[in-house]
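All chains should be modelled from the sequences, with the hints used to inform the complete structure.
Sequences listed follow chains D and B, in order.
Residue 1 is where the first sequence starts when you use our numbering, and the numbers rise one by one after that.
Residue 1001 is where the second sequence starts when you use our numbering, and the numbers rise one by one after that.
Please keep in mind that the hints were generated in silico from the structure rather than gathered at the bench.
Be aware that a few hints might be false.
Label pairs and their computed distance ranges (CB to CB) [as the list claims (entries may be wrong)]:
id : chain 1 : residue 1 : chain 2 : residue 2 : range
1  : D       : I55       : B       : E1210     : 29 to 35 Å
2  : D       : P225      : B       : L1085     : 43 to 49 Å
3  : D       : S313      : B       : D1110     : 55 to 61 Å
In silico SDA-like links for lysine to any residue, alpha-carbon gap of 25 Å or less [claimed, not checked]:
id : chain 1 : residue 1 : chain 2 : residue 2
4  : D       : K32       : B       : C1183
5  : D       : K32       : B       : R1095
6  : B       : K1144     : B       : C1183
Every residue gets a Cβ at the ideal spot worked out from N, C-alpha and C, and that includes glycine.
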Amino acid sequence: MLPDLAVTLVFVAASIGVLMGFGGLLTWVERKQAAVMSDRIGANRAYIRIPFTNIQLVWLGLFHGMADGLKMLLKEDFKPRTYDQLAYTLAPYVVFAPVLLVFAVIPFGGMIDPGKIIPPLADWFGGRTYPMQVANLNAGLLVVFAFSGLTILGTMLAGWSSDNKFSLLGGLRAGSQMISYELVMGLTVMGLILVFGTVDLRDMVQQQSGTIGGVLPAWGIFYQPLAAVLFLTAAIAENKRIPFDLPEAESELVAGYYTEYSAMKMGLFMFAEFIEIAIVAALFTTLFLGGYNLPFMNDAGFMLPGGTSVALSHGVVVVLQVVTFLAKLFLLCVFQIQIRWSLPRFRYDQMLTFAWKLLLPVSLANLAVTAVVVWFKAGSP
Amino acid sequence: MTVITSSTSVHLAPGHADAARITPTEPSPAESLVPIPKQELVQLRYNARAYVRPAYWNEPKMTFWERAYLPEILRGLSITTGVFLRNMTRWITGRKGALTTYYPEEKRADFAPRNRGKHVLTQRPDGTPQCIACNMCATVCPAKVIEIESAFDVNDPAHPKSPVRFEIDYSRCVFCGLCIEACPEDAIRMVQDVPGLSSDNRFNMWLTMEEMLTWNPQSDVAKPYPPKGGLPITRGDLSSKP
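Dropping the structure here:
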């Protein structure tokens, strides 16, 4: 009982730490990447001075994120004279909390045997193994959609309770956009559920450690290439980022539904958006890119296509899996940011037309084709 | 008159007793015009609203692959990623991967030759400022940033007035160059170089006379430069004055 609790607490702390770290890091990555790809230098002024010395640590401007956070904490927390203070105060948390909760079901590593990692505590753990995941639910994917659907409530609540007609319009736009694209997101994932025959994310990752025909890693993106593109598109739209950032459009609409929010409440909205980048990346990794495993790798070691197998010790495997997961996560975040700085924004009608008249039929067709193929393959043997 | 009555009738309910009485029975001159039939009016309004976008001579024609959008997205992404990777390689290999300048640590080398950067005070051959503290620059300055404190030297009748304090507030200077045009003595000029006065304190952004007198070019068309310091000051003849 106590070891279980300890392991779970460690996983929870690690997950929250990773997400917060990614959220903070991505604010810096976004600015710096935009600067580098447009021939600029980017944030490089904020520094920390070591006390009693004149040494200033700049570290490529990494402290700009901390300076931003500090600024948001210290700013005046302006409140509009709204009739629904409770909803107004609650909205940022309703947006922020589900984003964190989604990560609970995403596996960031294989099975871990804490007794082998920390030999002095081997007796205490008694040889038990734990999946590296906060909550090992067999309804994983459903939980993901259940929680990510909650953020719609938060945005609409924010738009409605701000007592500002422009915020209300922004909330409406955000609501219709998120609902439209959530539908597409669900349908694209449906094909993957058919292929893997499960909604358990850990099970999906383990099935992706195999190979297709002994050569290609059995990643979801090779089973469902179209669904992968559609999923990423819909997920970016769900996150309301460029080219789908109609509801907030920082420079044009003064942030749409959270116009009336200031200080750290606004910071929570922004932070939730950045964490959601990491969540989208984690989901895409888990569903389409083989999760925490490198190609041809499973919990025992490498199974290369030639038939050779490389056995790895448990500690190496655990470290390799976590590092692989984080690396995939980071690269996908960078890719999303690259998209954000490359593409022009859609018009609002174009965006909804895109969802309902293009993405939805295409994902339905994808689902139908997948269903037929899976049915034939299941019937043939 | 009819306008007023008809607008009053609007406020009365249809079944109101006064409605029939107030509504004019005789059509006014304006209303006696032939009314447009409702169907036609609708059509007119529709026509007015229909907007046909003019075709321009350089109308872009998209090919099928451009209209397919996804290939173009990939092309755009490849361009931006290429620039990103190129600049990133430069940064990693110790070169500079940006076009912007790291001011104030580094300054651009390609200022235009006639750039109005910072002010300098020209000097007489003996090294004294040529300024006669006439305050014309301070008067013409639209931003009111020039402050001059003058001194009087009775022993120098040719230039009795000279500045003891000549300061320019660069936090407010608009670099218009009107002070140069106003100067009757060619005592103030602007040079290509910019003042390195970046500061978080506005009171550090004043350029003082000492700094403005450091201008020392090798030659100048209008003046015997470099000024030869230590020469005896050529004084005017007091006796020749009326």
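Check the structure against each numbered hint from earlier and tell me which ones fail, lowest number first. Of the numbered hints given earlier, those the structure breaks are 2, 4, listed in rising order.
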